[in-house]
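2 protein chains.
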Amino acid sequence: MPQRETSTAIDLDFSKGNGLVSAIAQDAGSKEVLMCAFMNKEAFEATLATGYAHYYSRSRKSLWKKGETSGHLQQVREIRVDCDQDCVLLLVEQTGAACHTGRHSCFYRRVRNPESLEYVED
Amino acid sequence: MPQRETSTAIDLDFSKGNGLVSAIAQDAGSKEVLMCAFMNKEAFEATLATGYAHYYSRSRKSLWKKGETSGHLQQVREIRVDCDQDCVLLLVEQTGAACHTGRHSCFYRRVRNPESLEYVED
Numbered sequence: 001m002p003q004r005e006t007s008t009a010i011d012l013d014f015s016k017g018n019g020l021v022s023a024i025a026q027d028a029g030s031k032e033v034l035m036c037a038f039m040n041k042e043a044f045e046a047t048l049a050t051g052y053a054h055y056y057s058r059s060r061k062s063l064w065k066k067g068e069t070s071g072h073l074q075q076v077r078e079i080r081v082d083c084d085q086d087c088v089l090l091l092v093e094q095t096g097a098a099c100h101t102g103r104h105s106c107f108y109r110r111v112r113n114p115e116s117l118e119y120v121e122d
Numbered sequence: 001m002p003q004r005e006t007s008t009a010i011d012l013d014f015s016k017g018n019g020l021v022s023a024i025a026q027d028a029g030s031k032e033v034l035m036c037a038f039m040n041k042e043a044f045e046a047t048l049a050t051g052y053a054h055y056y057s058r059s060r061k062s063l064w065k066k067g068e069t070s071g072h073l074q075q076v077r078e079i080r081v082d083c084d085q086d087c088v089l090l091l092v093e094q095t096g097a098a099c100h101t102g103r104h105s106c107f108y109r110r111v112r113n114p115e116s117l118e119y120v121e122d
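As you go down the protein sequences, you meet chains W and D in turn. Just so we're aligned, residue 1 is where the first sequence starts under my numbering, counting upward by one. Just so we're aligned, residue 1 is where the second sequence starts under my numbering, counting upward by one.
Same shape as in the complex, but just chain W:
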């Protein structure tokens, strides 16, 4: 098995994602998945150093601290890495809403049938 899968060294694989890894934020209490974004090396290191989630915005091409302007910070309780270290899972305490629409989670719609979505009760 590749060393990355068995190692206890942090060795994130940024190569497959053009310098980025996937980053999932999950509510540490309810286990609800709140959002999915990306991190570059700088965002990961800033998250480790501060204890607050930082991501990399593909559209703005820049680092952002989640909640920096809205106040909707994510305090990180635990960080997990997946087998091949190209994804991190953050267990967070979310202040306010994770979604910029004001909802607790970004996943507020589900597929109802192959053509349409329906809103999910919060």
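Simulated from the structure, these hints should not be mistaken for laboratory data. There's no promise every hint is true.
Because identical chains share one entry, a pair is satisfied inside a single copy or across any pair of copies.
Below, a list of computed lysine-lysine pairs in the DSS-like style, where the Cα atoms sit at most 27 Å apart [said to hold, decoys possible]:
| # | residue 1 | residue 2 |
| --- | --- | --- |
| 1 | Lys65 | Lys41 |
| 2 | Lys61 | Lys31 |
| 3 | Lys16 | Lys65 |
| 4 | Lys16 | Lys61 |
| 5 | Lys41 | Lys61 |
| 6 | Lys41 | Lys16 |
Dock chain D against chain W, hints included.
Then chain D, alone, in the frame of chain W:
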């Protein structure tokens, strides 16, 4: 707000990810996050059509049905989309192990300190 965020039409945004969206599989019962991968349009449509998770492998550059060789299928109970429709969340019933290492989840290690990982009890 952009139409994609309020619409009840499925309109996945494959543009930011070079034809891919992120895809998270979460255990429908325990709410454990099992894995994170990617889908192209074909993988999403195959998932909708069959009720079993299909992904796109960036390394092999091909569609794969999860569990096709291992038998570790993911039966999809619900599909959610995020606000800007560049990520889908699958609530699944996992047969066997989600991770190719034989573990239920790919997230079997957590960051212990800024330099190292530790294995998590399953």
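**Message:** Hints numbered earlier in the text: which of these fail when held up against the supplied structure?
**Reply:** 2
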